[in-house]
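Asker: Next come the chains, spelled out residue by residue.
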Amino acid sequence: MAEHKPLDPDNVARVVMLAFGNMEQGGMYWAYVAVRPSRYEEFKRRMTGKTYNIQNFVKDEFGEVVVSGEGGLPPREVTKQVALLFGVPVKQLFADIDPLEAIARGVKKLEENEDNT
Amino acid sequence: MNDVEHTPSGHSSKIKWGALIAGAGIAVAAVVGFVFFPDAAYGAVETIKQLLTNSYNAVGDAGTWVLEKIFGGTEPGTVGGALYSAGNSVFETVKSAGTWIGDKVIGGLTPEAAQHVKDLGKQAAELVASGDITEAEKKFAEASFSEIAKPATTQGLIGFIMNHKLISTAAAALGAYGLSKHLGSKNEFPLPRSEADESFAMKEDMRRMESLLAMRAAYAGYPQDAMQQGRA
Chain R
319 MAEHKPLDPD NVARVVMLAF GNMEQGGMYW AYVAVRPSRY EEFKRRMTGK
369 TYNIQNFVKD EFGEVVVSGE GGLPPREVTK QVALLFGVPV KQLFADIDPL
419 EAIARGVKKL EENEDNT
Chain A
29 MNDVEHTPSG HSSKIKWGAL IAGAGIAVAA VVGFVFFPDA AYGAVETIKQ
79 LLTNSYNAVG DAGTWVLEKI FGGTEPGTVG GALYSAGNSV FETVKSAGTW
129 IGDKVIGGLT PEAAQHVKDL GKQAAELVAS GDITEAEKKF AEASFSEIAK
179 PATTQGLIGF IMNHKLISTA AAALGAYGLS KHLGSKNEFP LPRSEADESF
229 AMKEDMRRME SLLAMRAAYA GYPQDAMQQG RA
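Residue numbers (my numbering), protein chains in the order written: chain R, 319 to 435; chain A, 29 to 260.
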């Protein structure tokens, strides 16, 4: 059986989150961001502190920005498009899941599949 | 890059794909939307095929919007004609924006993959614009995406999705013009799914999603009154 290197979750998955915050000139913004699994806990901590400037998100290597806009919540059409783009049924959005556990399960399954090839 | 996105439903707002809008500052809360996990990490062909099918549907939706707006004429000097010209310019802007996202923001596309995406977008736009829907559909469905998928990490895959989305939306703008010109009459046009025809199940899913979002956002400390700001 061929030996496979363990998969790095950052290479195979993202936790897609909806972040909210304040515009510099007043008002609110929202942003769908794809967070690297290895940085998820830290990103959550930063959110709790309510001092993190989202403009540093990419520079701090938390992940990628999918789409952002002004307002309290994204328009329905945008959320629908994000779901379509990533192939996720709308009814599965914002479900009560433990993302890291879901990713660990997925990685394990992938590694098992590789072992069987 | 243009930061105004026209959505299939016709409204525009300050929305930016692939980047943060200017002036976005301190984050106050974040909630988990979903986990993105392609079925096969390297060479996620099936995942990409699915994403392309979704993109193709998005093309249909965008086409509906453009058709509604331009129907009634596309001759120079008319509103439809102006929209057609705008559509061409949007196509170029969007294509550049998509490439920019792929190359600069996401950084995950190889030059070959980026070129392939650009070529594909151009071919698909031309086919849809000429009214050859069957060939255009084949182009979307059968293009050798495995060639793109092979070097794709998740980061690359996201770059690819963003790029394809932008290009296919632009293709829809041109395509709707081409189809309306080619077929001549709204009655003969095979209208894609519109918001009005949105199924009851989808509306229910949206309602459920929104109540879950409101609940989780409130739990994460996002003030209720802020949530209501700018809601469509």
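Think of the hints as simulated: they come from the structure by calculation, not from any bench.
Mixed in with the good hints, there may be bad ones.
[Unchecked claim] Across the chosen pairs, the derived CB separations fall in these ranges:
no.	chain 1	residue 1	chain 2	residue 2	range
1	R	Gln373	A	Gly249	28 to 38 Å
2	A	Asp253	R	Lys409	37 to 47 Å
3	A	Pro251	R	Arg363	35 to 45 Å
4	A	Pro251	R	Glu430	40 to 50 Å
5	A	Tyr247	R	Leu418	35 to 45 Å
6	R	Asp378	A	Glu232	17 to 27 Å
7	A	Ala229	R	Asn371	20 to 30 Å
8	R	Leu418	A	Asp253	28 to 38 Å
9	A	Ala246	R	Gly345	38 to 48 Å
10	R	Arg423	A	Tyr247	32 to 42 Å
[Claimed, not checked] Computed list of chain R residues with no C-beta within reach of chain A, every gap over 10 Å:
no.	residue
11	Ser356
12	Arg357
13	Glu359
Here a beta-carbon is modelled for each residue, glycine too, at the ideal position from N, C-alpha and C.
Asker: Would you pick out the hints that fail for this structure and give their numbers low to high?
Answerer: 1, 2, 3, 5, 6, 7, 9, 10
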